[in-house]
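FYI, our numbering numbers position 9 of the sequence shown as 9, with every residue one higher than the one before it.
For the record, the hints were derived by calculation from the structure and aren't laboratory data. Hints may be right or wrong, so weigh each one.
Stated by the list, open to error - With a cut-off of at most 27 Å between alpha-carbon atoms, the simulated BS3-like pairs for lysine-lysine come out as follows:
id	residue 1	residue 2
1	K42	K112
2	K80	K112
3	K32	K80
4	K92	K42
5	K42	K32
6	K32	K84
7	K80	K55
8	K84	K55
9	K55	K32
10	K42	K84
11	K42	K55
12	K42	K80
13	K92	K55
14	K32	K112
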Amino acid sequence: LDREGADTGCMHDWNPHDGHPVTSLYFLDDHKHPGVDLQLWKFALTGALYNTEIKLWSCETWACMQTLNFRAPLNQADMKLRFKSEIDLTSKYLALSDINSMVLYVLQIYQKH
């Protein structure tokens, strides 16, 4: 509702992981070195299925640019991966950790401005 009580329209209806709950959402903005000429919210990262599926999105077109899927090792196919995620202040590194499988992934994110 706006200030006068009227309904406002939906700006964008987005279903980033085909109905699966989103477990993480990061807008890839550099908060450590902000620039006046850099567009904010140009790209976003989302995670679903306990962050075993990561998608990179263009916030201009809302098109998926890349998808990464993590699977359990073949010799431990019954293992359930459940990643916690964190991104650094520059939005250049995404860390994924799973305490059950004792793994840590650090992904470098390249953005062409």
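Tell me, in ascending order, the numbers of any earlier hints that this structure violates.
Hint check: 2, 3, 12 fail, others pass.
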